Amino acid sequence: MIKKKVIPDVYIDALQEISNIGLGNAATALAELLDKKVDMAVPKAFFFDVEEIFDMVGGPEEIVSCVFLNLEGDIHGTVLFIFTERSTYRLIEMLTGQEVGNVTELDVMGESAVSEIGNVLTGSFMNAIGGMTGLRMNTSVPMFAFDMFGAILSTSLVASGHWDDQVLFIETVFFQETDEIRGHFFMLPETGALNRLFEALGVTEGV
Amino acid sequence: MQSSPVREAAAFQEAKLTEIQVGIADLKVTAQPHRLITLGLGSCVGLTLYDPATRVGGLLHIMLPDSTQFNSVNKPAKFADLGIPLLLSEIGRYGGKVNNLQAKIAGGAQMFSGLNEKFVLNIGERNIAMTRQTLKNLGIRIMAEEVGGNRGRTMILDTTNGQVIIRTVGTPVKVI
Chain A
4 MIKKKVIPDV YIDALQEISN IGLGNAATAL AELLDKKVDM AVPKAFFFDV EEIFDMVGGP
64 EEIVSCVFLN LEGDIHGTVL FIFTERSTYR LIEMLTGQEV GNVTELDVMG ESAVSEIGNV
124 LTGSFMNAIG GMTGLRMNTS VPMFAFDMFG AILSTSLVAS GHWDDQVLFI ETVFFQETDE
184 IRGHFFMLPE TGALNRLFEA LGVTEGV
Chain B
25 MQSSPVREAA AFQEAKLTEI QVGIADLKVT AQPHRLITLG LGSCVGLTLY DPATRVGGLL
85 HIMLPDSTQF NSVNKPAKFA DLGIPLLLSE IGRYGGKVNN LQAKIAGGAQ MFSGLNEKFV
145 LNIGERNIAM TRQTLKNLGI RIMAEEVGGN RGRTMILDTT NGQVIIRTVG TPVKVI
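Here the protein sequences line up with chains A and B, keeping their order. FYI, the numbering for the first sequence is 4 to 210, going by my numbering. FYI, the numbering for the second sequence is 25 to 200, going by my numbering.
For the record, the hints were derived by calculation from the structure and aren't laboratory data. Since the model is a prediction, treat every value here as computed from it, not as a measurement. Do not take every clue at face value.
So the derived list for chain A, only partly shown, Cβ under 7 Å to chain B, looks like this [as the list claims (entries may be wrong)]: (1) PHE50; (2) MET59; (3) PRO63; (4) ILE66; (5) THR87; (6) GLU88; (7) ASP150; (8) VAL176.
Using 25 Å as the maximum straight-line C-alpha spacing, the simulated SDA-like pairs for lysine to any residue come out as follows [to be verified]: (9) B:LYS198 <-> A:PHE51; (10) B:LYS99 <-> A:PHE172; (11) B:LYS99 <-> A:PHE51; (12) B:LYS99 <-> B:GLU43; (13) B:LYS160 <-> B:ASP90; (14) B:LYS198 <-> A:GLU193; (15) B:LYS99 <-> A:GLY164; (16) B:LYS160 <-> B:SER137; (17) B:LYS99 <-> A:LEU109; (18) B:LYS99 <-> A:VAL53; (19) B:LYS40 <-> A:PHE50; (20) B:LYS198 <-> A:LYS40; (21) A:LYS40 <-> A:ILE24; (22) A:LYS39 <-> A:GLY164; (23) A:LYS40 <-> A:PHE51; (24) B:LYS198 <-> A:ILE66; (25) B:LYS40 <-> A:GLU65; (26) B:LYS99 <-> A:LYS39; (27) B:LYS99 <-> A:PHE50; (28) A:LYS47 <-> A:LEU109; (29) B:LYS198 <-> A:SER115; (30) B:LYS99 <-> A:GLU114; (31) B:LYS40 <-> A:GLY62; (32) B:LYS121 <-> B:GLN134; (33) B:LYS99 <-> A:ILE24; (34) B:LYS99 <-> A:LYS47; (35) B:LYS99 <-> A:THR194.
In this text, a Cβ means the ideal position worked out from N, Cα and C, and glycines have one as well.
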């Protein structure tokens, strides 16, 4: 067994704070996109070993949509935005102004809508972090998948080359009036990328 | 036709077969009547080897084709080139005979769509190619395949009969 790295609380607190601001930005962007008020629950940030994350979001066979983006610039890594099947349909319904329960499958239109939402959310999240830290970050063109969570996650890990590392997992819940959109944000930072982030934030261990 | 007690017993046993989960970059072998299952193969390749004479069966979940491209290898089962010989030797340890072995493979899909396909890509294809090549080098014939495409798959080996069950989102269960 590989010994588990323990992430000091001060880093977790910093990440929680970044997530709050970053996803706050993302919620605003989503509200503009939907032209509706969007609220957000305070996000929770965790670190996991990659093996552990397969049981999240509902398990390896849970159907999810996933927007995959590469991070480039001062921080390299991979970002995954994952929505459960139901949340995916709700997002499409909101974006296209349809009644709840109208969308029951994913077509090409829906696919590009969700892809665009993932793109916008990630972009505004990264902009917020950039603004706080002065780091420059760009995202690649998004790629999309709608399938079993395990299949998507393992393929993403292989594609990103970050297997064996720890994964920063941020759970976000967006509310739109009474509806709930559950989004899961995974960031797979390249080795050293998180240190650069903490450094830029001025967070050091034991402070 | 009357149903035989033997068949009823078999049906009963099938219903209560213990499932053994095989994680990603992992392998499991059993000589008991079990169901070996690996969930959500994407670009990964699942390989089952089964000896019908001894009913020893094994399942390997391969992530990457070639270990020689990496400096450190902490999990041989992650790679086709190391995992397959490892699975073979485990099967031998449980009493399975190489000459009897039936191989079945599944997975190696292209999961993502988008403009940026090139870089992820063809990892699925390379996993399939390396799995086939390694099996060929070891003299093991592939009996059935369910590979490629763009859908994730769950693969289950029933060691009572060597059947492999493939579950895919949005299509009926398939037995190979």
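Here's how the hints hold up against the structure:
1. Among the interface hints, the one on PHE50 of chain A is violated; its C-beta lies about 19 Å from the nearest C-beta in chain B, farther than the 7 Å criterion.
2. A cut of 7 Å between beta carbons decides the hint on MET59 of chain A: the least distance to chain B is about 13 Å, and the hint is violated.
3. With 7 Å as the threshold, the beta carbon of PRO63 of chain A comes within range of chain B, its nearest partner Cβ sitting at about 4 Å, so the hint holds.
4. Interface hint at ILE66 of chain A: satisfied, since its Cβ lies 6 Å from the closest Cβ of chain B, which is below the 7 Å cut-off.
5. About 14 Å separates the beta-carbon of THR87 of chain A from the nearest beta-carbon of chain B, more than 7 Å, and the hint is not met.
6. The interface hint given for GLU88 of chain A is broken, as the beta carbon of that residue sits about 10 Å from the closest beta carbon of chain B, more than 7 Å.
7. With a least beta-carbon distance of about 4 Å to chain B, the hint placing ASP150 of chain A at the interface is held under the 7 Å criterion.
8. Because the smallest distance between the Cβ of VAL176 of chain A and any Cβ of chain B comes to about 24 Å, over 7 Å, the interface hint for this residue is violated.
9. Annotation: proposed proximity of LYS198 of chain B to PHE51 of chain A is violated, straight-line Cα distance about 34 Å (limit 25 Å).
10. Restraint check for LYS99 of chain B and PHE172 of chain A: the C-alpha separation of about 24 Å stays at or below 25 Å, so the hint holds.
11. At most 25 Å may separate the alpha-carbon atoms for a hinted pair to count; LYS99 of chain B and PHE51 of chain A meet this at roughly 19 Å.
12. Distance restraint check for LYS99 of chain B and GLU43 of chain B: the Cα-Cα separation of roughly 23 Å lies within the 25 Å cut-off, and the hinted pair is therefore satisfied.
13. Restraint check for LYS160 of chain B and ASP90 of chain B: satisfied, since their Cα atoms lie roughly 16 Å apart, inside the 25 Å limit.
14. For the hint linking LYS198 of chain B to GLU193 of chain A, the alpha-carbon distance of about 39 Å lies beyond 25 Å, and the restraint is violated.
15. For the hint pairing LYS99 of chain B with GLY164 of chain A, the CA-to-CA distance comes to about 15 Å; that is within 25 Å, so the pair holds.
16. Among the hinted pairs, LYS160 of chain B with SER137 of chain B is inconsistent with the structure: their alpha-carbon atoms are about 32 Å apart, more than 25 Å.
17. Using a Cα cut-off of 25 Å, the hinted pair LYS99 of chain B and LEU109 of chain A is violated, with the two alpha carbons roughly 37 Å apart.
18. Of the pairs offered as hints, the one joining LYS99 of chain B and VAL53 of chain A holds, with about 14 Å between alpha carbons and a cut-off of 25 Å not exceeded.
19. Between the alpha carbons of LYS40 of chain B and PHE50 of chain A the distance comes to roughly 37 Å, so the proposed pair goes past 25 Å and is violated.
20. For the given pair, LYS198 of chain B sits about 45 Å from LYS40 of chain A by alpha-carbon distance, which is inconsistent with the 25 Å threshold.
21. Restraint check: the Cα-Cα separation between LYS40 of chain A and ILE24 of chain A comes to about 17 Å, which is no more than 25 Å; the hinted pair holds.
22. Proposed proximity of LYS39 of chain A and GLY164 of chain A is contradicted: the alpha carbons are some 38 Å apart, above 25 Å.
23. Pair hint LYS40 of chain A plus PHE51 of chain A does not hold up; C-alpha atoms about 32 Å apart against a cutoff of 25 Å.
24. A C-alpha spacing of about 19 Å is found between LYS198 of chain B and ILE66 of chain A, which places the hinted pair at or below 25 Å, so the restraint holds.
25. Restraint check for LYS40 of chain B and GLU65 of chain A: satisfied, since their Cα atoms lie roughly 24 Å apart, inside the 25 Å limit.
26. As the CA atoms of LYS99 of chain B and LYS39 of chain A are separated by approximately 49 Å, the hinted pair breaks the 25 Å bound.
27. Proposed proximity of LYS99 of chain B and PHE50 of chain A is supported: the alpha carbons are some 22 Å apart, at most 25 Å.
28. Annotation: proposed proximity of LYS47 of chain A to LEU109 of chain A is violated, straight-line Cα distance about 29 Å (limit 25 Å).
29. For the proposed pair LYS198 of chain B and SER115 of chain A, the alpha carbon gap of about 30 Å is over 25 Å, so the pair is violated.
30. Of the supplied pair hints, the one linking LYS99 of chain B and GLU114 of chain A is violated, its CA atoms being roughly 36 Å apart against a limit of 25 Å.
31. The hinted pair formed by LYS40 of chain B and GLY62 of chain A meets the criterion: a straight-line CA distance of about 22 Å does not exceed 25 Å.
32. Taking the CA atoms of LYS121 of chain B and GLN134 of chain B, the gap is about 34 Å. The hint is violated against a cut of 25 Å.
33. With a C-alpha separation of about 38 Å, the suggested pair LYS99 of chain B and ILE24 of chain A falls outside the 25 Å cut-off, and the hint is violated.
34. At roughly 31 Å between alpha-carbon atoms, LYS99 of chain B and LYS47 of chain A are farther apart than 25 Å, so this suggested pair is violated.
35. A C-alpha spacing of about 19 Å is found between LYS99 of chain B and THR194 of chain A, which places the hinted pair at or below 25 Å, so the restraint holds.
In this structure, the hints that do not hold are numbers 1, 2, 5, 6, 8, 9, 14, 16, 17, 19, 20, 22, 23, 26, 28, 29, 30, 32, 33, 34, in rising order.
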